Amino acid sequence: MAKPKIATTSLAGCFGCHMSVLDIDDRILQLVELVDFDKSPVDDIKKFSAHCAVGLIEGGCCNQENVKVLRDFRKNCDVLVSVGDCAIMGGIPAMRNGIPLQECLQEAYLKGPTVHNPSGQIPNDPELPLILDRVYPAHEVVKIDYHLPGCPPPADAIWEALVALLTDKPIKLPYPLLKYD
Amino acid sequence: MNLQQVVPEAAARCGRDPSRVMDVVREVQARLGRVSDEAIDLIARELAVPPVDVKGVVTFYAFLSRKQKGRTVIRLSECVGCLGAEGHASAEELQRQLGIKFGETTPDGAISLEHTACIGMCDQGPAALVDEQPIARLTPERVKDLVAAVREQKLAEAGFAVADNVHKKGEVVFAEMEPGAGLKHALALDPAGVIGEVKASRLRGRGGAGFPAGTKWEFCARAAGERKVVLCNADEGEPGTFKDREILKHVPAHVFEGMAIAGYAIGAKEGILYLRGEYAYMLPALEKTLDEMREKGVLGKGLGGGKHDFDIRVQLGAGAYVCGEESALISSCEGGRGVPKDRPPFPVERGYLGLPTVVNNVETFATVARILEKGAGWFASFGTRDSTGTKLFSVSGDCAKPGIYELPYGLTVRELMALVGGEGAQAVLVGGPSGSFVKPEDFDRKIGYEALATGGSVMVFGPRRDLLEVVSGFMRFFVDESCGHCVPCRVGNVLIKERLDKIRAGHGVAEDLGYLEELCATVKRMSRCGLGQTSPNPVVTTLASFRGLYERRLTESNGLQPDFDLNAALQAAVKAQGRAPVFHED
Amino acid sequence: MSETITFTIDGKKIPAKKGQTIIRAAEEAGVYIPRLCWLKDLIPGGACRVCTVLVNGRPQAACTQPAAGGIVVQNETEELFRWRKNIVAMLFVEGNHYCMFCEKSGNCELQAVAYRFGITAPKYPHQFPQRAVDASHPDVLIDHNRCILCWRCARTARVKDGKPIFGVVNRGIDSQLAVGPEQLGETELKATDKAVEACPVGALMKKRVGYAVPVGKRLYDHEPIGSDIEKAGNPA
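Residue numbers (the numbering used here), protein chains in the order written: chain A, 1 to 181; chain B, 1 to 586; chain C, 1 to 236.
Worth flagging that the hints you see were computed from the coordinates, not collected in a lab.
Incorrect hints may appear among the rest.
Below 25 angstroms or equal to it, Euclidean Cα-Cα: the simulated DMTMM-like pairs (lysine to aspartate or glutamate) are [unchecked claim]:
{"id": "1", "chain 1": "A", "residue 1": "K143", "chain 2": "A", "residue 2": "D72"}
{"id": "2", "chain 1": "A", "residue 1": "K75", "chain 2": "A", "residue 2": "D44"}
{"id": "3", "chain 1": "B", "residue 1": "K524", "chain 2": "C", "residue 2": "D161"}
{"id": "4", "chain 1": "C", "residue 1": "K85", "chain 2": "C", "residue 2": "E182"}
{"id": "5", "chain 1": "A", "residue 1": "K143", "chain 2": "B", "residue 2": "E498"}
{"id": "6", "chain 1": "C", "residue 1": "K217", "chain 2": "A", "residue 2": "D25"}
{"id": "7", "chain 1": "C", "residue 1": "K207", "chain 2": "A", "residue 2": "D44"}
Over the 10 angstroms line for every Cβ pair with chain B, so calculated as not near, a few chain C residues [claimed, not checked]:
{"id": "8", "residue": "G70"}
{"id": "9", "residue": "R82"}
{"id": "10", "residue": "R84"}
{"id": "11", "residue": "A178"}
Just so you know, these numbers come straight off a predicted model, no measurement behind them.
Cβ atoms here follow ideal geometry from the backbone N, Cα and C, with glycine treated the same way.
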């Protein structure tokens with residue numbers, strides 16, 4: 001039987017949760033015995049090559065591109081897991097929520113105390129994805145099946161969750177592995 | 001007029017009593033158009049209370065403001081009962097005529113325009129308060145006249161007086177009574193005898209909760225303490241309720257006499273009538289009645305040949321529905337934020353200023369006067385076994401004859417609808433938003449404590465009403481009126497309304513109904529006072545009786561969240577960056 | 001005063017002094033009732049409602065409800081567990097709680113109760129309110145984003161420090177912790193005041209402390225909140 005496939009992505013995140021995936025250390029060898037990685041920064045596969053069993057989502061949605069990728073994941077994965085606080089509640093990028101976008105751009109590119117921008121331009125290349133009015137947690141854009149909190153979630157928590165998912169067992173994190181920081 | 005003059009005057013008027021913060025801030029607001037931060041500090045010093053507490057009071061009540069208001073404030077009721085098609089059109093016209101939006105003041109500082117919660121004019125809405133004066137039956141045409149009259153300061157002559165609307169006078173509350181007859185009979189008994197009479201009448205509180213009045217009095221009479229207080233709750237704010245308005249207009253003496261009787265029964269010499277800020281226009285007439293009663297010897301010292309001393313003062317509120325909750329009413333009377341108190345201790349043990357206090361509704365006291373006049377047996381011959389006597393129903397909404405009806409308990413919804421011309425209603429809301437929506441199949445249910453309990457609010461919704469819009473309006477009311485002290489009511493009601501509106505917008509999915517039910521149960525079971533314990537009822541009772549209305553608006557999720565609108569979420573960026581989004585297909 | 005009564009919590013016999021609240025008696029008997037706005041030796045607030053128990057079947061806040069002889073109290077029922085969890089979930093979406101960089105993380109009672117309840121995902125939509133930080137005081141700051149309106153600071157300041165500095169302004173969802181006069185820096189608050197210690201979350205914080213305790217050694221890193229109470233009452 002073919003090994004199940006997993007896909008991963010980092011949306012409005014810092015890749016810290018991906019680092020935490022790698023932090024499972026030598027268990028990564030067991031993991032590749034269990035699964036094949038499909039679309040993921042881990043193997044640099046850019047497009048889904050097949051339907052996947054599990055999609056791991058890092059980060060919330062802060063721009064149009066994030067939404068597109070997330071919807072693509074929903075379409076191509078049986079189970080989606082929000083990994084980390086940014087996917088779950090927007091995280092640090094969501095600190096701009098509640099502040100109008102225009103003000104955020106002004107602060108970031110023109111008025112902020114550390115800004116050096118002699119051209120006085122706000123980046124606006126057509127290639128840049130447009131920014132959303134606020135940062136949306138992943139589950140506000142598509143249906144998310146499981147949530148693994150943490151910033152990042154401990155490697156052990158990711159391992160426990162993956163093993164449970166791949167062996168059709170319920171995810172039960174022991175107390176010390178449930179952390180929001 | 002300046003602050004240094006107004007504040008000390010207001011403070012002196014109430015003896016610099018720290019428990020009279022409400023009166024002082026009300027006066028400052030009325031005379032200066034706001035209670036500024038400077039005024040707050042001054043009031044705090046004059047009354048020796050912490051400034052943060054004065055600030056807490058000023059920011060709690062809807063009619064008080066730290067920001068400058070216009071010399072005249074027009075407050076349009078945004079209550080469901082008032083906001084039919086005429087209401088929306090009148091709101092538009094008000095903005096057009098004044099050239100400002102709600103929440104703004106005309107540039108000359110003359111007029112502020114605001115929304116307000118139910119002002120108790122549900123039978124003749126759309127309605128507004130112009131400062132203290134109620135204006136009923138608004139239409140865009142009348143709005144023009146109204147604004148002109150306000151501008152010319154000729155409102156009094158402009159013929160906006162509110163009409164009488166009592167359609168049925170019953171045997172108890174609205175019947176003629178010789179002034180002092182009830183009190184005279186009471187004073188012929190000993191206090192225990194009076195309580196016995198009230199218990200024998202099986203009178204239950206008319207505010208809605210229905211606690212037996214005699215039992216409450218007995219608890220208070222037994223409570224230790226020399227000084228006790230009788231509090232009359234005239235803070236009717238439940239949308240669809242306006243019976244106290246008519247009682248206080250037509251038979252205020254019955255109410256005051258009932259309070260004097262209660263005072264005798266429990267051993268209290270002082271009474272307070274807490275009048276909602278929306279009814280401030282009634283104050284002069286009420287004060288006049290009190291004076292007349294003092295002259296006639298129904299109030300004052302040495303009543304019944306020296307057996308009883310009793311007098312009453314009127315405490316004005318300032319716009320907060322939650323103050324109708326008895327312990328919040330006490331907090332407000334004490335000059336604080338209208339936040340309910342923890343029970344125990346119950347008010348009968350430790351109420352106003354820590355004194356044993358009986359709190360009853362306006363209608364309850366008016367009824368008591370008649371019970372003592374005519375006897376418990378006479379009273380109990382009306383109504384049913386569990387719900388004795390007559391009850392005032394405030395009927396509003398889609399019916400031919402909205403207004404007040406005094407009827408014996410025990411009639412069915414159908415009978416009441418026939419009387420008021422409300423046949424063909426798709427739903428009747430009995431007991432206001434914290435009561436229940438009754439569907440036509442249940443119109444044979446009886447109105448009374450054994451079936452449909454109510455403080456008297458009956459709102460009729462005709463076949464063309466969007467019931468979920470009505471429900472959403474009520475949830476907005478509860479969101480606005482939650483005191484904010486406890487988490488489930490403060491946050492839960494916001495979340496209920498949010499999800500309800502998601503469903504109304506056609507973005508709900510099947511799971512949202514379970515989500516709502518769980519949320520409502522949490523708010524009902526975990527909230528601290530009656531407001532939160534009943535605020536989800538508009539949703540709970542429509543989910544039970546009109547589930548189809550919700551189900552018809554649900555959609556499929558297909559793994560995507562239907563309420564996430566990418567295009568809408570991009571509009572801020574489109575505006576800020578001046579380019580349109582590109583949607584790639586691949 | 002020391003008249004003793006007995007009642008039960010989930011079938012366990014609990015002795016109590018007359019007039020004692022349910023939460024206090026439970027605590028002394030080794031039964032943890034989850035709570036956020038309650039502090040031992042402080043007047044109860046009845047605000048968070050997390051300590052709601054069923055008293056003879058009726059929901060009552062254990063922090064304000066006096067124990068009475070023979071009452072039957074239920075603390076661990078499936079419904080109460082859900083309702084309490086819902087309230088905690090409400091608090092997380094009402095404010096802006098960024099645990100990932102909060103100095104209080106690991107020692108925060110809101111977070112700890114959520115851990116104990118096993119909350120992994122936000123149940124309700126985040127409200128993302130815009131709230132201010134008051135850093136006007138030289139030694140203490142208020143971050144309103146993290147405030148859960150438990151009023152522990154306000155009550156402690158009044159009762160223990162004798163300073164009616166803190167209060168509440170506005171109402172409903174707009175309610176906010178306020179100080180009088182305008183800013184914290186204008187008050188007579190001292191960093192050593194008991195009120196500062198009373199905050200269960202990271203809303204009222206001493207400045208220049210930062211992340212003083214390393215991860216792994218913080219209060220709730222290894223054992224759920226309430227474990228100390230349960231252990232003390234049930235020695236192995």
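(message) Run the distance test for K524 (chain B) versus D161 (chain C): straight-line Cα separation, threshold 25 angstroms.
(response) violated (36 angstroms)
(message) Given the hinted pair K143 (chain A) and D72 (chain A), is their Cα-Cα distance within 25 angstroms?
(response) holds (12 angstroms)
(request) For the pair we were handed, K207 (chain C) and D44 (chain A), check the Cα-Cα distance against 25 angstroms. (result) Violated, at about 44 angstroms.
(request) Decide if the proposed pair is consistent with the structure: K75 (chain A) and D44 (chain A), CA atoms, cutoff 25 angstroms inclusive. (result) holds (20 angstroms)
(request) Please work out if K143 (chain A) and E498 (chain B) have their alpha carbons no farther apart than 25 angstroms. (result) holds (19 angstroms)
(request) Could you let me know if the closest chain B CB is still more than 10 angstroms away from the CB of A178 (chain C)? (result) violated (6 angstroms)
(message) Verify this label for me: R84 (chain C) is non-interface relative to chain B, using a Cβ-Cβ cutoff of 10 angstroms.
(response) R84 (chain C) is in fact no farther than 10 angstroms from some Cβ atom of chain B, at 8 angstroms.
(request) Report holds if the minimum CB distance from G70 (chain C) to chain B is greater than 10 angstroms, and violated otherwise. (result) Given that every Cβ of chain B is farther than 10 angstroms from that of G70 (chain C), nearest at about 17 angstroms, it holds.
(request) Against chain B, does R82 (chain C) hold up as non-interface, every C-beta pair farther apart than 10 angstroms? (result) Violated: least Cβ distance 7 angstroms, not greater than 10 angstroms.
(request) Measure nothing beyond the straight line between the CA atoms of K85 (chain C) and E182 (chain C); if it is 25 angstroms or shorter, mark the hint as holding. (result) violated (35 angstroms)
(request) Take the C-alpha atoms of K217 (chain C) and D25 (chain A), compute the straight-line distance between them, and say whether it is at most 25 angstroms. (result) With Cα atoms ~24 angstroms apart, K217 (chain C) and D25 (chain A) stay inside 25 angstroms; holds.
The structure fails to meet hints 3, 4, 7, 9, 10 and 11 from the earlier list, while all remaining hints are met.
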